[in-house]
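Given the structure of chain A, go ahead and fit chains B, C and D with the ligands onto it with the hints provided.
Listed in order, the protein sequences are those of chains A, B, C and D.
The first sequence runs contiguously to residue 636 in the numbering used here.
The second sequence runs contiguously to residue 636 in the numbering used here.
The third sequence runs contiguously to residue 892 in the numbering used here.
The fourth sequence runs contiguously to residue 892 in the numbering used here.
Treat the hints as calculated values from the structure; they're not laboratory data.
Keep in mind that this is a model prediction, so the values were computed, not measured.
The beta carbon of each residue, even a glycine, is placed where N, CA and C say it ideally should be.
Since no wrong hints were added, every one of them can be taken at face value.
Footprint (simulated), chain A over chain C, 3 or more residues, beta carbon under 8 Å:
#1 614-623
#2 659-673
#3 862-869
Not the full set, but computed from the structure, chain B residues with beta-carbon under 7 Å of chain D:
#4 PHE282
#5 VAL488
#6 GLY490
Computed Cβ-Cβ distance ranges for the label pairs, DEER-style:
#7 GLY802/D / ARG868/C: 43 to 49 Å
#8 GLY255/B / ASP878/D: 17 to 23 Å
#9 ASP447/B / ASP763/C: 45 to 51 Å
#10 SER454/B / SER169/A: 53 to 59 Å
#11 ASP138/B / SER812/C: 57 to 63 Å
#12 LYS218/B / ASN457/A: 53 to 59 Å
#13 ASP887/C / GLY483/B: 58 to 64 Å
#14 GLU593/C / PRO80/B: 27 to 33 Å
#15 ARG775/C / ASN759/D: 56 to 62 Å
#16 ARG560/B / ASP763/C: 52 to 58 Å
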Amino acid sequence: MAAQAAPPAHIPAERKELPRVVVRFAGDSGDGMQLTGDRFTSVSAAFGNDLVTMPDFPAEIRAPAGSLAGVSAFQIHFSDHDILTPGDQPGVLVAMNPAALKANLGDVMRGGMLILNTDSFDKRNLEKAGFSSNPLDDGSLDSYQVYKIPMTSMTIDSVKGSGASKKEGERSKNMFALGVLSWMYSRPLEPTIEYLGKKFAKKESIAKANVAALKAGHAFGETAELSAFEVKPATLAPGRYRRITGNQALAYGLIAASVQSKLPLFLGSYPITPASDVLHELARYKNFGVRTLQAEDEIAAIGMALGAAFSGHLGITTTSGPGLDLKSETLGLAISLELPLIVIDIQRGGPSTGLPTKTEQSDLLHAMYGRHGEAPLPIVAPYSPASCFWAALESARIALKYMTPVILLSDGYIANGAEPWHIPSVDKLPDISVRFASQPNVGEDFWPYLRDGETLARPWAIPGTAGLEHRVGGLEKADGTGNISYDPDNHQLMTELRQAKIKVIEEDIDPLEFDGSDDARVLVVGWGGTYGTIGEVCRRLRARGRPVARAHLKHLNPMPKNTGEVLRRFEKVIVPELNMGQLSKLIRSEFLIETVSINCVRGLPFSSTELESELEELIP
Amino acid sequence: MAAQAAPPAHIPAERKELPRVVVRFAGDSGDGMQLTGDRFTSVSAAFGNDLVTMPDFPAEIRAPAGSLAGVSAFQIHFSDHDILTPGDQPGVLVAMNPAALKANLGDVMRGGMLILNTDSFDKRNLEKAGFSSNPLDDGSLDSYQVYKIPMTSMTIDSVKGSGASKKEGERSKNMFALGVLSWMYSRPLEPTIEYLGKKFAKKESIAKANVAALKAGHAFGETAELSAFEVKPATLAPGRYRRITGNQALAYGLIAASVQSKLPLFLGSYPITPASDVLHELARYKNFGVRTLQAEDEIAAIGMALGAAFSGHLGITTTSGPGLDLKSETLGLAISLELPLIVIDIQRGGPSTGLPTKTEQSDLLHAMYGRHGEAPLPIVAPYSPASCFWAALESARIALKYMTPVILLSDGYIANGAEPWHIPSVDKLPDISVRFASQPNVGEDFWPYLRDGETLARPWAIPGTAGLEHRVGGLEKADGTGNISYDPDNHQLMTELRQAKIKVIEEDIDPLEFDGSDDARVLVVGWGGTYGTIGEVCRRLRARGRPVARAHLKHLNPMPKNTGEVLRRFEKVIVPELNMGQLSKLIRSEFLIETVSINCVRGLPFSSTELESELEELIP
Amino acid sequence: MTDHNGHSLDEGGRGITEASGGIGTLTREDFVSDQEVRWCPGCGDYAILAAVQSIMPELGVPREKVVFVSGIGCSSRFPYYMNTYGVHGIHGRAPAIATGIASARPDLQVWVVTGDGDGLSIGGNHLIHALRRNVNLKILLFNNQIYGLTKGQYSPTSEQGKVTKSTPFGSVEQPFNPISLALGAEATFVARTIDVERKHLPEMLRRAAAHRGSAFIEIYQNCNIFNDGAFLALTSKEGRTQNRIYLEHNRPIRFDRDGSKGIRMTGAGHLELVDVSEVGEKELLVHDEHRYDAGLAFALSRLSAGPHGPTPLGVFRQVERPVYGDGMESQLRAAAADQGPGDLAKLLSSGDTWDVD
Amino acid sequence: MTDHNGHSLDEGGRGITEASGGIGTLTREDFVSDQEVRWCPGCGDYAILAAVQSIMPELGVPREKVVFVSGIGCSSRFPYYMNTYGVHGIHGRAPAIATGIASARPDLQVWVVTGDGDGLSIGGNHLIHALRRNVNLKILLFNNQIYGLTKGQYSPTSEQGKVTKSTPFGSVEQPFNPISLALGAEATFVARTIDVERKHLPEMLRRAAAHRGSAFIEIYQNCNIFNDGAFLALTSKEGRTQNRIYLEHNRPIRFDRDGSKGIRMTGAGHLELVDVSEVGEKELLVHDEHRYDAGLAFALSRLSAGPHGPTPLGVFRQVERPVYGDGMESQLRAAAADQGPGDLAKLLSSGDTWDVD
Ligand SMILES: Cc1ncc(C[n+]2csc(CCOP(=O)(O)OP(=O)(O)O)c2C)c(N)n1
Ligand SMILES: Cc1ncc(C[n+]2csc(CCOP(=O)(O)OP(=O)(O)O)c2C)c(N)n1
Ligand code: SF4
Ligand code: SF4
Ligand SMILES: [Mg+2]
Ligand SMILES: [Mg+2]
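Only chain A is shown next, with the shape it has when bound in the complex (with noise of 0.2 Å):
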């Protein structure tokens, strides 16, 4: 891992080769900084480079322009070599007024460079901001390189003469900072000028007036002689790529369940932050047959899900943490009927309504127990934006499998968060097609609950299936025909076998892996949207000799069967997580093994900077 450079204090004639920048947008919620960020990612990435990308919003409310609560920033990682992280401290922040700068200016490395909007340093919005004096004079920034551009005067000259209003044009200032940063990194213009034609087919002025800003950025750019750097392609293996998000590979990732499964999909959900992209994005695939229902509320969501489940389509609903409680009974009724249906929760800073556009690990312990009774269910954790797609297929293998509901868990950082994607190719995905019972399975009598006797699996039988007429419920039922039970030792069958359902599993997933140097004593386990930091950090440490070793746990339920084994190997495991120490608690019930937790719940990912430190004092 090179360390990031920073930029050199002259202005090259050349273009000085880096071997990754980390560049961080911010601005004004209306400023549209998500979007140059985005439009900066897809050009860097088509370019090669390899990246992680972090949206970071602003709360829930779009908070008085120029204010503290209303900045947006959304932070790039490009690389010339595999990267797992957007990076701690950005080497580039782009601000495009005082409060973007006051907000984000304590993240930026020493001798880093600004790039400011000179033009919005008036009085009124550095009061907004809170500065005393206006740090473009007062001599507070001289540790850093700054470059005063005014940016929103010289967007409205730029964009004289396509039509645009004054305002319209001025809204294109983000587009120049686009031209000047695409200036300085040597991102080509054309994917984004096609780009633009296209979002603003139906108004051409505006499109007009966005592609002349970004022109006019570039043109400053070159003309002020700004600093001029290039980041090499990063070696990647063969193949086809493109960006995605989190959220985005989780909806194709369900799609590509639902054609590998041969079932129709079907979505129930309740919009809630972090997951509502989810349903935006599969309400999109109509052709793919793909129905999705907004929901009065997410008891319904799951309700509904539930209900297309019992009729043959694959039931999924998705939520984040206050959603996923309201879920909690009807998950106890799936777990009941033992039924396919796969509940995503994207986790975010709790309790209650807690940091609702932030990141956290802390619905880990609530998907294991979170309901009445003994309801165990299978728990799959996607990684990295891009692993959300295995998460989804994984989780639809499973669920129809078993016949169960699974819980899989991303997070706010991972659905938010892009990197490049080397597509699969369709015809190796799995095939996890399902057969539905047509024939009674006891003489002429067709018995719901008679498992079959590998997977525990109960038969699925449709509406619409003549002769195996049934009736399913949340009563305890008797084991084989399903009819409604008290029976005191039916029920300890039951609970067994509900239980043993989720155990056989251990026998169908991956194994634990672990990578390290063989004198490796110590093991970082992880789970989750810490992957990629997790294993920067370790690359880090292990380059200085550090003897360490990691593991990630792509199932939380049941754990891969070596786990334990693998846990034992090392004198002393520790477990960094988003939370207080959740996995942990898992492990040390499952395993009695001593546990060191890093904790961390800041609505933020781990800074590698922080946790290598923290890991470096705990490795004896």
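Just chains B, C and D with the ligands now, with coordinates in the frame of chain A:
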């Protein structure tokens, strides 16, 4: 613990003294067995026996008369010494019809007494109960003492002249049965006669019929010279006693908490078995200023209780498992608001609707973790019917002192079971009165999250207090001011504070006690309603010289400070639970101590004989 | 059109053409399951079960295409007794589960059986949303004005002042009028009948089955254990004659002995009960169940706050409106027609891609 | 009468007599909290906040006796901006929390602020039950026909065909008419107004505050970010004149330029829009908001399915019915009077007891 003696086979002229007896009354749902059991319990209690009872209701819906599903039973264990369980094997079974015999015979001790209502053993009823031949004369009951009594016809005879219709008269046959048993165990008739007079005050003819049947049964016992026994009063601590069920004790405890805290009691609840009786009971005490509100659902119920808590009431909500699922989200809000609230979950067989009238201890982990985000709260568990009084007061004490919601975990067995209760003296009840905030606490401002240094509780300022107007909500808030805050460090701090607040309660609860011989090398740890059975079994084992000790957790979160220390004193820790090992999981993860689980999920309490033999095998 | 699992996407729920079970030959018994019925002797639920089982063969829907969905309550045990597909769900959630079934599988005929607690207390929201969406569901609300299964607490339809286990001093709550509530929730089919109505009840069931969209029937059901006689005003010998106002389409609304009384709309805009002999039949309101404006149906529902005095029975409203599932299906069809059927490889490679070799 | 914590059990929520804050002198500013208002510039919520803050001083309720309760949504941030007591609850549950407050403390004036998603989608059940119970709440439903906070999904009041993030092909759902729904749920006070109505909005707020029991106001609120112009039919220069039908008690219902149009009830029992010059004023329906029979109020609510053509504004219904909290309190009083105040020692020793010495 004296062994239960099988009643002698011949009819003695004198009353034989017995140390303890277990009687089970069983009949059709409509036969009034619960009332019969209740009356027998009441007079036995008043007579001074120690006793434990266990009603066993039929499945939710009244099944057709005479069917096995419709059998309702009531078991009472009464004795001349201190006892702890309702007894595994009844020595006496009163069966009002063939189904009642069929359903219960398996439990009766060999050589036990069967008192059968022969009138009901006709062809139809025998068939309905699934008898292929009549057990009254096919020899299948040879190993029991069988008393064949035509109770229906004798009842009808006896009530002539009462003015009751034939049908009404016939329905008094349960009183006839009670009369017979009253003779056999020399229980007085007067309290029941008085009771009947009150109960049927408005229907004199029915009162008369019932009294006549009761007396007739008694007379029959005497005339037919049925066996007669005596069970002397037990030696109990001096004082005034009454019989009490768990749900009643809970209701009284809550009223006591209201009185002792000087806060009006507000219950928001939605009916659900086996919790509804607490609502019914509390609804009666309006003269205590008790407000009960039957809400539209469980979410509304806890929302209302929380609203009441915000406004300065002792807010309470009662439910069972499925309802607890629904309360998850609002519980998270209560944790975020840091308001006192008592959430009572009377556990029943799960998952889903499960076994609604049966007992189980399977909501412990749900109570611990069943909310998204890091959302810890204290958990208190009563361990016997009478202890529900303590648990209610203790929950209120903790909730009010630490400004936190508390979960009280009872179960169906405790809730419906009864035992004699040494009525506490009101002036010895703890003072749990609270001080509402009345003044600004930071200059002229009021900061709703400025904490007490010791308890970490925030001040409770209620509407109506001028100058302390403030807003609370479920978004993360700044410690101190309580204003909405998305600051990463503040979220870390608040998460830690919420956890620390629960942790400090350790200092404020009774340490874990254990009892057992000095040489005990094995500790049996339980919680909740298994207290009696574990206690009795350990007594028996110790009486036989086995080196076993026992401890019972009454606080599950936090656990008493010395818990780890106590557990570590022993070579082996055995955890019997009516679930699949939930406390065991908590102990393992918290203390990294190997535990041996004994699990039973049959909808019933542990059988003490079975538990005894299981423990026996585990003791080295 | 079929989806990729081979399910027909064509309109279902009535007039099914092929049937595996040989529909023509089905009888009442074919719809009786092998489970023992476990309601209290004398419970009104028995009559409703019998009525449903008796009309099923007439509907021409094969058994395997029928699904009964319920929540929790005495009434909610219903699906176990029907030899069709069935789900005994959780308390209050039947309309949600049923919405999933009906919108996933428009070829099925989906019935919801619910109680006044299940459907109007905990499940009220799902009910009103199902009605608003006009999901193709036949919803039977067994209104016994009490919680039966939990042994006698008041319900949202119990009358004010009602003494129950949870209201020992009497309820202080205004009950819902389920017909008014359903109309306020945009229901397209709203009717009322009584468990003991041997002809009217099956007729209402047939009408509901024939309606495309949500059909809501309030059935007054006697709980002889916890609320016996709640509907005596309509079922006693006297009440039966005096208080039943049968609504019949296109007929002047008359009731009582020989139709001696009737309903009139005043110019000030409210309904009055009148003596027909005094005002003449011409003055009477003619019932129009198909009127799209729900105003009049609502006004009729207000004639009785509860089943105490003269109470309308029959179909209050039956209008056509797009059915939720149909709308969903037509979007699927249109998308498939416009964009062609989904191509996974194309989807995964959509947007900006680049190749590494 | 006071309870044992010293709270007054006496009727509250208006006409408070003593006040710690010196009510007479309160101004609008006293009700403005120190928190920065964070709605999008141009959002209709600002006007509603200003209107509420401006009428508060007139109501004669001291600040500390006022509680604002909300759920989650843009609108639900409201309590933070009011310098009173307040709870920002969870999504949809405000009416439940508020019911707890209002029935525990009848001395308080409790307001609920909710959105069309918060109040009608996830929270629909609590809303209808609060209205049915007639809890003493002032409920303001900010209807912007969209989910604002979650960035633009359709809501239960969005019109059919609406294209939003979650319905890229258009919604297939029939919206609720909140006024009809509230009336179907037995609401005693039901009104409608618009965020931009500088006089009418405060007037409706005053009327709601003066009503004892649940007062429900639907406020059309423009979300200029995700659903701009939803109410143009009522707010555009032309629409304002043509389409606003102001309901005024005891007045014939007239609208449009110079009241040239009006509403008439036909003998067949439905409402028509008529030209006053053609039919004469006498034919017009005279609005009677106090009529107990909700039928006519409902009929008025059906005049417009959404705010597209002529749409009634004002108070549809205002009737007196026992208030939930009052019923509760009077049972407490009666019990204390009958049985004497609770005696704990006596309670614990009630039933059969025995002594062991
Ligand atoms: C979540 C949940 N809450 C409460 C219950 C308990 N419960 C079961 S049925 C019922 C009400 C039954 O009343 P109703 O719906 O009117 O049906 P009925 O028994 O009268 O037919 C209640 C409260 C439950 N099973 N689940
Ligand atoms: C349990 C739960 N589900 C979903 C959400 C996400 N959510 C927050 S506000 C909202 C809807 C907002 O719409 P509306 O009530 O109309 O308010 P508006 O923002 O339009 O004022 C949703 C779905 C949540 N916070 N909690
Ligand atoms: S309790 Fe009532 S509703 Fe339930 S089965 Fe018995 S009679 Fe029927
Ligand atoms: S999103 Fe809409 S409703 Fe929300 S603050 Fe912005 S304009 Fe107002
Ligand atoms: Mg009912
Ligand atoms: Mg809205």
